[in-house]
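Q: Assemble the complex: chain A is given as a structure, and chain B must be docked to it using the hints.
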Amino acid sequence: MELHSRIPDGPIEKKWDNHRFGMKLVNPANKRKYHIIVVGTGLAGASAAASLADLGYKVTSLCYHESPRRAHSIAAQGGINAPKNYSNDGDSVWRLFYDTVKGGDYRARESNVYRLAQVSAGIIDQCVAQGVPFAREYGGLLDNRSFGGAQVSRTFYARGQTGQQLLLGACSQLSRHIGSGNIRFFDRREMLELVVIDGKARGIVARNLVTGELERHVGNAVVLATGGYGNVFYLSTMAKASNATAIWRAHKKGALFANACFTQIHPTCIPVGGSYQSKLTLMSESLRNDGRIWVPKKQGDPGRPEDIPDGERDYYLEQLYPSFGNLVPRDVASRRAKEMCDKGFGVGPTKMAVYLDFGDAIKRNGREWIEEKYGNLFNMYHEITGEDPYNVPMRIYPAVHYTMGGLWVDYNLMSTVPGLFVLGEANFSDHGANRLGASALMQGLADGYFIIPYTIGDYLASTTFAQADTMHREFVEAENSTRQTITRLMDIQGSRTVDEFHRSLGKIMWDEVGMARNKQGLGRAIEGIRKLRDEFWQDVKVVGSTATLNSDLERAGRVADFLELGELLARDALHREESCGGHFREEYQTDDGEAMRNDKQFSYVAAWEFTGVGKEPSLSREPLSFEHVKPAQRSYK
Amino acid sequence: MNFTLEVWRQKSRDDKGRFVTYTVHDISADASFLEMLDVLNTELVKRGEEPIAFDHDCREGICGSCGMMVNGRAHGPQRGVATCELRMRNFADGTRIVVEPFRARPFPVLKDLVVDRMAFDRVMQKGGFISVRTGGAPDANAIPVPKSVADDAFDAATCIGCGACVAACKNGSAMLFVGAKVSHLALLPQGQAERKQRVESMVAQMDAEGFGSCTNTYACEAECPKEISVSTIARLNREYILAKLS
Chain A
1 MELHSRIPDG PIEKKWDNHR FGMKLVNPAN KRKYHIIVVG TGLAGASAAA
51 SLADLGYKVT SLCYHESPRR AHSIAAQGGI NAPKNYSNDG DSVWRLFYDT
101 VKGGDYRARE SNVYRLAQVS AGIIDQCVAQ GVPFAREYGG LLDNRSFGGA
151 QVSRTFYARG QTGQQLLLGA CSQLSRHIGS GNIRFFDRRE MLELVVIDGK
201 ARGIVARNLV TGELERHVGN AVVLATGGYG NVFYLSTMAK ASNATAIWRA
251 HKKGALFANA CFTQIHPTCI PVGGSYQSKL TLMSESLRND GRIWVPKKQG
301 DPGRPEDIPD GERDYYLEQL YPSFGNLVPR DVASRRAKEM CDKGFGVGPT
351 KMAVYLDFGD AIKRNGREWI EEKYGNLFNM YHEITGEDPY NVPMRIYPAV
401 HYTMGGLWVD YNLMSTVPGL FVLGEANFSD HGANRLGASA LMQGLADGYF
451 IIPYTIGDYL ASTTFAQADT MHREFVEAEN STRQTITRLM DIQGSRTVDE
501 FHRSLGKIMW DEVGMARNKQ GLGRAIEGIR KLRDEFWQDV KVVGSTATLN
551 SDLERAGRVA DFLELGELLA RDALHREESC GGHFREEYQT DDGEAMRNDK
601 QFSYVAAWEF TGVGKEPSLS REPLSFEHVK PAQRSYK
Chain B
638 MNFTLEVWRQ KSRDDKGRFV TYTVHDISAD ASFLEMLDVL NTELVKRGEE
688 PIAFDHDCRE GICGSCGMMV NGRAHGPQRG VATCELRMRN FADGTRIVVE
738 PFRARPFPVL KDLVVDRMAF DRVMQKGGFI SVRTGGAPDA NAIPVPKSVA
788 DDAFDAATCI GCGACVAACK NGSAMLFVGA KVSHLALLPQ GQAERKQRVE
838 SMVAQMDAEG FGSCTNTYAC EAECPKEISV STIARLNREY ILAKLS
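Those protein sequence lines, which keep their order, are chains A and B.
Note that our numbering has the first sequence beginning at 1, numbered continuously upward.
Note that our numbering has the second sequence beginning at 638, numbered continuously upward.
Isolated chain A (complex conformation) (with noise of 0.2 Å):
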C-alpha cells in the first residue's frame, strides 16, 4: 500500500501554520450535524471530546471504564514537558524538538515531532486555566524539574502524581459537556469492531459490560485514542484492563500497524516479587534527579546496602555517562541495567534489580525536602516492599511501560481507514524508537487538545458521506461477526484459564522480545505464539454468562487479540535488522554496547498491513528523511 503522510511543504516552522490555513473549515453552524464518535477518555480521548464539543460537534463518548477518569492516563506520575524556558536555562522549541528527535533514535517524523513541541506550551497554559495544581515556586509561579535525554528544566510536575492532576483537568471539561449535554457519554461499554461504510469509518459496534448487550452508535468519524498495547507482555506498568482491542481490530478492518517492535522498558520499576505477582509498579523517572544508581563493585553477596563503602559501589551510569548521569534515556538505562544484572551485579534475593540510592540527597537537602518532591512515591514503594526507602536504598529493574508503535497515522492523525483518526499512546507518531520520559502526557494531551480539532474539521469539510445510520449493512455484520467471536470463546469450555495462556504469553514476549532480541530467539517466539494461540483457541476456560457483567470474557477477547499482536510485534522486530531505541537487536551493537542503527537500510517507518490471522502481513514503508537534526550515533557520554 502507498502511504501517504501528508506533511505539508514549506519550512519546517511554517509547516503547522500553513497547513491550519489551507485546511477548509466547518462553519459554526454545521458543526452539529456532524458526529464524531471518540473511543477512550484518557488524556488524549477526554482533551479531544472536549475540544470538539467545545466547537460545536456532536460527540459520543465511550470508555470500558465506569467512569472516564479511571483511564490509565491517571498513573503518570513524573511530568509534562513544554519549552517555557521559564528555567531561563537555554530551552526553546528547537531543543525539544531536537531532543526528542534524538532521543527517538531517529525514527520519528521530523515535522510531527516539531509540531508537537511548537503547540506543547499551550497545553501548559490550558491546564493551569481549567485549575490544575502544578507545583509552584514560592514565589507563585511555575516549578520546573528535569526528565531523562535533556539537559534543561522543562517539565512541570504535580508532586508524583501529574497524569492524575491532568487527566482529572480533561475529565472536568469533558464532565462539563456531559452535563450540559453536548457530549452522550457511555460508561462500561468496550469497542469491539470498526464499522467501514464506502471505505469510511462510519461507527463502531460496542459491547455494554454490564448487561452484555452489544451496541452500534454511528457518526462521521471515529477517534481511537485507546492507549498502547504494554500489556501483550502480561506484566507491565500498564493498568490491568488497558488492552490492544480497539486498535487491533481497525487493523483487521484495514488500518495499518506501525512500528510495532518499538517498546519502551522503563529502568525504573520494583522488580518482580514471586508468581502471584499480576503487575509492575513504576517509580517515577523523576526520581533520577536525586537518586543515585548503582551496584556493589563485588559480584554474589556483598551484605547490606548500607553497609557497602562508597569505594565498592559501582554508579556505573555516571562512569558511563559523564554528562547525563543518572538521567540518560529510558532505553539506555534500562539496558545497561539488565547488564548488570546479567552479569551477577544483581541485588535483592532474586539478584534481577539494581539500587537507586536516595542517601546523599537526603543528606544533602534533609529527608523533609525528599518528601515534598517525592513522598508518595516513598509511600508507594514502601507499602509494596516493605522496605523504607528513606533509610535503604529501593530496589529497582526495568518492565513494560510503553509501546511507541501503534496504528499508522499521517500528519492529520488520521490512520489508512479514511475517518479514522488515532491519538495518543494508540498511534505510532511522535517518539520514534524510544520516547523521552514527561512526553506522553505532552503527545496525548496535544493531540486532543491542539491537533484533532483542526485536522478533523479538514476531513469533514471535504468529505462527501453516504446516508448511513445503526440498520445498515455494515453494522449488521459487524455485529454479527463480533456476536460469533463471543459465542466461540464462551464454546471452547477448555481446561485452561484466560490468565494461564495471558501469562505464557507474556513469557514469550518478555524471554525473546523484550530488552534484547535477536534472529533465532524472534524466530522461536513467534513459532510459540502460533502454537499458544492455537491452544487457546481450542483449550481456553471462560465461564459465566454472555449477558452480564463477565470478566473473565472480557479478558478473553482482549487476550485473544494480544495473541495475534504478539506476533507481528515479533515480525516486526525480526524484519529491523538494526538496533535502535527501545529495539535493541544483540547481532547490531557497537563494541561498548550501545545500539547500532543501520540508516542506509531503515530509516523508515514500518507499517504492517493485515492479511488474514497468521498469514505474513504485507509491509509498507514510509522513509523517514531527516533534514534538521542530522542522524548521528546518539550519544550521552
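Here are the computed lysine to aspartate or glutamate pairs in the EDC-like style, where the Cα-Cα straight-line distance is at most 16 Å:
#1 B:K683 with A:E500
#2 A:K253 with A:E474
#3 A:K541 with B:E680
#4 A:K297 with A:E312
#5 A:K84 with B:D776
#6 B:K683 with A:D539
#7 B:K784 with A:E372
#8 A:K252 with A:E609
#9 A:K630 with A:D599
#10 A:K541 with B:E686
#11 A:K541 with B:E687
#12 B:K784 with A:D143
#13 A:K31 with A:D54
#14 A:K33 with A:D458
#15 B:K784 with A:E137
#16 B:K683 with A:D499
Here are the in silico distance ranges between beta carbons for each label pair:
#17 A:Q538 with B:D652: 31 to 39 Å
#18 A:W369 with B:P781: 19 to 27 Å
#19 A:W369 with B:G772: 36 to 44 Å
#20 A:N208 with B:T658: 28 to 36 Å
#21 A:P302 with B:S649: 56 to 64 Å
#22 B:G772 with A:E137: 25 to 33 Å
No lab work stands behind these hints, which were simulated from the structure alone.
All residues carry an ideal CB built from backbone N, CA and C; glycine is no exception.
A: Just chain B now, kept in the frame of chain A:
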C-alpha cells in the same frame, strides 16, 4: 499464608445476595489483597464457577476503581491505602476475612463487589470544573499562586473518587468527596468566577442523588486512601453559606 474468606456474592442488581465462604492457601505475604482474590478466582474458574467480580485497574492506588469493605473497613485495616495497595502481610495467618461491597443507597451493587458510583460523576458534571474552552488561555505564569495555596489545592485535588468516604460514613454522606473538589477549585484564583454557582449546584446534585448529611464523625477522613482532610468539609460548608448569603 492461609485465609478463610466470607465474600459477598450477588448475581445482579436485583439479586438478593449472600455471603459465601472460601478458603485460600499458600498466599505470599507480599501479595496484594486483589492478587489474593486473583488466586481464588483462578481456582473458581478451574472449577467452572464464576469468579468474584470486583472493580480494579491500575493496581497502584490512583485510578480509584477498586474498593471493598474488608472486615468492615473501607479498603481494609491499613491507613492511607486503596484495596489494591493493601498487602497480605497486614493480616494474621489463618485469619477469617469478611469482604463486602461498598454499601450506600446511591451506589447500587451491580455484581458481587462491583458497585455503580456514577452518582459521583453526576455531581461533578454539575460544577466540578472551571469552564475553559480549549485555546486562548493566558500564559501559565500570568497569575502567580502562592505556594501554600497551590499545595492546599493540590492536597484536595488528590481525591481518587473511590467512594470509601461514603462507604465509611454511617449517613452515606459524600461531603468529603464534594468538599475536596469544591476546595480545590475555590482555593485557586482560576476558580473564582464560578465559585458560588459551583458549590450550589454540586450540593444540590449531591442531595438529589440521595447522599446523606455530615454529622462530623470523621470516618471519611480515617478511611480515605489519600488521607484527604475533613477541613475540606469545613470549607465546603463555608463556601455554601457564603454562596447562599450573597
